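Student: Just so you know, the sequences run in chain order A and B.
Residues in the first sequence are numbered from -4 upward in steps of one, following my numbering.
Residues in the second sequence are numbered from 1070 upward in steps of one, following my numbering.
No lab work stands behind these hints: they were computed from the structure.
Computed from a predicted structure; not experimentally measured.
Ideal placement from N, C-alpha and C gives every residue a C-beta, glycine not left out.
A couple of the hints might just be wrong.
[To be verified] Beta-carbon label-pair distances, calculated as ranges:
| hint | chain 1 | residue 1 | chain 2 | residue 2 | range |
| --- | --- | --- | --- | --- | --- |
| 1 | A | 102 | B | 1195 | 48 to 56 angstroms |
| 2 | A | 57 | B | 1427 | 56 to 64 angstroms |
| 3 | B | 1225 | A | 224 | 17 to 25 angstroms |
| 4 | A | 230 | B | 1340 | 50 to 58 angstroms |
| 5 | A | 197 | B | 1428 | 39 to 47 angstroms |
| 6 | B | 1307 | A | 63 | 56 to 64 angstroms |
| 7 | B | 1156 | A | 57 | 29 to 37 angstroms |
| 8 | A | 223 | B | 1498 | 49 to 57 angstroms |
| 9 | A | 102 | B | 1370 | 45 to 53 angstroms |
| 10 | B | 1113 | A | 57 | 24 to 32 angstroms |
| 11 | B | 1155 | A | 110 | 35 to 43 angstroms |
[What the hints assert, rightly or not] Listed below are the simulated DSS-like cross-link pairs for lysine-lysine, each with C-alpha atoms no more than 25 angstroms apart in a straight line:
| hint | chain 1 | residue 1 | chain 2 | residue 2 |
| --- | --- | --- | --- | --- |
| 12 | B | 1473 | A | 176 |
| 13 | B | 1217 | B | 1588 |
| 14 | B | 1255 | A | 214 |
| 15 | B | 1225 | B | 1251 |
| 16 | A | 89 | B | 1473 |
| 17 | B | 1479 | A | 176 |
| 18 | A | 89 | B | 1479 |
| 19 | B | 1217 | A | 214 |
| 20 | A | 214 | B | 1225 |
| 21 | B | 1255 | B | 1429 |
| 22 | A | 214 | B | 1209 |
| 23 | B | 1498 | B | 1582 |
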Amino acid sequence: MKRRETLRTLLVGTIGGAALITASGCDPDTSDAASMESGNNANGLYGRTPAEIEHDEEVNAEIYLNEHELASIAVLCDIILPATTTAGSATDAKVPDFIDFIVKDLPVLQLPIRGGLMWLNYEANRRFGKDFITCLPEEEVQIIEDIAYPDPEELRPDMAYGITFFNLMRNLTLTGYYTTKMGLDDLGYTGNFANVWDGVPAEVLADHDVDYDEEWLAKCVDQNERMTIAEWDEDGNLLT
Amino acid sequence: MSETIYDVIIVGSGAGGGMATKMLSEAGLKVALVEAGPYFDPKDPTTMTQMKWPWESPRRGASTNRAFGDFDMSWGDWEVEGEPYTQQEGTDFMWWRSRMLGGRTNHWGRISLRFGPDDFQRKDIDGLGDNWPITYEEIKPYYDRLDKMVGVFGSKENRRNDPDGFFLPAPKPRLHELYYIKGARKAGVDVIPARLSILTKKLNNDRGVCFYCSQCNRSCNVYADFSSSSVFIIPALNGTGQVDLFVNSMVRSVTTDTEGKATGVSYINKIDRKEYQLKGRSVVLGASACSSARILLNSKSPQHPNGLGNSSDVVGRYLHDSTGGGRTGFIPALMDRRTDYNEDGVGGMHVYSPWWLDNKKLDFPRGYHIEVWGGLGMPAYGFGFDATAFNKHIGLEVGGYGDKLRDDVKRFYGAAIGFGGRGESIARKENRCELDPTVVDEYGIPVLRFDYQWSDYERYQARHMQDTFEELIHAMGGHPVGDKPTKEQDWGLLKPGQIIHEVGTTRMGNDPKTSVTNKYCQLHDADNVFVVDAGPFVSQADKNCTWTIMALAMRTSEYIIEQYKKRNI
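Chain A on its own, in the form it takes in the complex (with noise of 0.2 angstroms):
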């Protein structure tokens, strides 16, 4: 089980426990434990006014890339993404459902995909006489080779809208990706859940040419006393 796993699984556990208390407060009007753990929404929503639950409804209903589209941006999101030893690919993050709504959400977005792809199929066709996603593997890597980079020089101005295309779907996908639990996993993110905060752990100051210094630190909280009720000296200096 990953950290953070454990750590929420931790979490829930403990609702109302000793573990609880320390991280977020005790008197229980202010210490919900349920409400800090996310997915206990009252109506199964991400705290959405009713304006933004409609407008999300009208997004879903709208359909604006087709199947054929669809299709070509799961083979792209592959490409970008494959899945590695210890991680899921692209599409096993449901990047190209994701990429479906964005595109409605941001409509922006849809010429510069729409006419991508179109670019794309002609440039397969023009060299392999067929669509981008009937091209076999080393077909479509070596139109992939030809826009994945930038070309600073332009050695090859004939690819500059293959290039602006491959841009916004590798921005897309890594978006997509990163954002989901599979990517904050392969990422390493470790955050989101209750904790208290103590300063940058001592190996990791190790691997870096940084260090906390004492006069600094004196100013820091001393996580033990978090719980005990501020008192002051009438110069704002912290008794407690």
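Fit chain B to the known structure of chain A by using the hints.
Tutor: Frame of chain A, contents of chain B only:
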């Protein structure tokens, strides 16, 4: 409609309106609180966004519906449907409105800086603008009480113009902030712990303590950050029984009698779209600097033909926002860093740079502070865009796909640092909001038209910011990202209004000919009308405005209580 005659009608539930609601209701006055948006409680699970994961939003937090992203806790942003504002030709002013209980305090940056002694007397120092009619020493006791009432972390630094207060202890810096401290010291830029109204330690039994999710902009469900909703209004509603709350109620005007004194407010109920009146012995405006000015300008009567409080023609004038500029840097030493620890921290910076220079040696007046961002943030829409671009700084290939791309994403995660400069502009009479002569909102209320230009004072300050940012990035061994803004781009100076520190529209002063309120934020023209938002500010300082809004609102509230006791109201 209600036959109640309230002691006080408070318009707006943000920082100033919230403080007034707390103080006046606790003093036993009967209060009507009128808010243009709906009810909001940060711990209501139906509206809460705190601790949500990016994938819970189908757009992964993109800004389609909310300008600062799906999880930002502001209902309303640069645009509010049905409530436009207009611009004079050549003006591009940006105006943020949050229509909800607590207003913009539900998502604000919590940066809580006192103004210093110099900030009240700037004209004495550089001859520009005007002095306030009050001094730091007069406001200090209110700042002191505010610190203890609301809570702010920080540190004693003994800096003359960045006064210390009663601070909760600061959180330890994160890794990128340790790099910043080192770089800033090398570049000769002062750096100290940040000062944010977030509870790093228990303040009282009503509020929780920070659990370091880094999401104060989503409003805290254990009330560990300052939001006016959770810290002032909801306790006042639950506590004294002295407050009647009117939500979804859009105030059109302050009503007045034949002597020109306020008798209450006229408002539109947004649900049934009908107009109602509330009667009160006094009116406290805390609708935000521009909205309060709009209400006053819309309160025309035979006694106040130019709008209430506007015999001076100063209402809406001297509008000014903080200056803003920014830059991002790539720090190679932060490449390939370890990510296996939770570095979320508090919702905002743990360290910052207060203004550190002497303007006598510079080509612009007034200063700016530097806000710092970076670290291992939770990804949202936009993460991974141009993920390979930093390669050009280290001689590796930009672009690519497959495993190479995946490696690049991880290599550069947390290797960027960014700066925001936030500075003081000069208040000018010509910069203003006024009523548009022909346009009304969907409630039939005349809307504001903005007329605002930056001057070279602000442009030269923005140039200095950009030079400083590059020095800082180089001092950290980094590479500035993108191109440095040019003269033609005003050196990256952001649009007026964009920093959301708009102040000055009902400025205070001793002379009724050149100011709207006296030093107690009481209208010169109607002694039972008060302004508790940032309207009465004479100048903005190189600080954020909220802490001063609240200190002044506390002082004005006690002045009002005193007037009631003396039966002057």
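Student: For every hint, state whether the structure bears it out.
Tutor: Verification of the hints:
1. 102(A) with 1195(B): 48 to 56 angstroms: About 49 angstroms separates the Cβ atoms of residue 102(A) and residue 1195(B), which means 48 to 56 angstroms holds.
2. 57(A) with 1427(B): 56 to 64 angstroms: About 59 angstroms separates the Cβ atoms of residue 57(A) and residue 1427(B), which means 56 to 64 angstroms holds.
3. 1225(B) with 224(A): 17 to 25 angstroms: holds (20 angstroms)
4. 230(A) with 1340(B): 50 to 58 angstroms: Holds: the Cβ-Cβ distance is about 52 angstroms, inside 50 to 58 angstroms.
5. 197(A) with 1428(B): 39 to 47 angstroms: holds (42 angstroms)
6. 1307(B) with 63(A): 56 to 64 angstroms: holds (59 angstroms)
7. 1156(B) with 57(A): 29 to 37 angstroms: Holds: the Cβ-Cβ distance is about 33 angstroms, inside 29 to 37 angstroms.
8. 223(A) with 1498(B): 49 to 57 angstroms: holds (51 angstroms)
9. 102(A) with 1370(B): 45 to 53 angstroms: 48 angstroms Cβ-Cβ, so the 45 to 53 angstroms window holds.
10. 1113(B) with 57(A): 24 to 32 angstroms: holds (30 angstroms)
11. 1155(B) with 110(A): 35 to 43 angstroms: Holds: the Cβ-Cβ distance is about 36 angstroms, inside 35 to 43 angstroms.
12. 1473(B) with 176(A): Holds, at roughly 21 angstroms.
13. 1217(B) with 1588(B): holds (24 angstroms)
14. 1255(B) with 214(A): holds (21 angstroms)
15. 1225(B) with 1251(B): With a Cα-Cα distance of about 20 angstroms, the restraint between residue 1225(B) and residue 1251(B) holds, given a limit of 25 angstroms.
16. 89(A) with 1473(B): Holds. Residue 89(A) to residue 1473(B) sits at ~21 angstroms (cutoff 25 angstroms).
17. 1479(B) with 176(A): Holds: residue 1479(B) and residue 176(A) sit about 15 angstroms apart, inside 25 angstroms.
18. 89(A) with 1479(B): With Cα atoms ~20 angstroms apart, residue 89(A) and residue 1479(B) stay inside 25 angstroms; holds.
19. 1217(B) with 214(A): Status holds; Cα separation ~18 angstroms.
20. 214(A) with 1225(B): Holds, at about 8 angstroms.
21. 1255(B) with 1429(B): holds (23 angstroms)
22. 214(A) with 1209(B): Between residue 214(A) and residue 1209(B) the Cα gap is close to 22 angstroms, so the pair holds against 25 angstroms.
23. 1498(B) with 1582(B): holds (13 angstroms)
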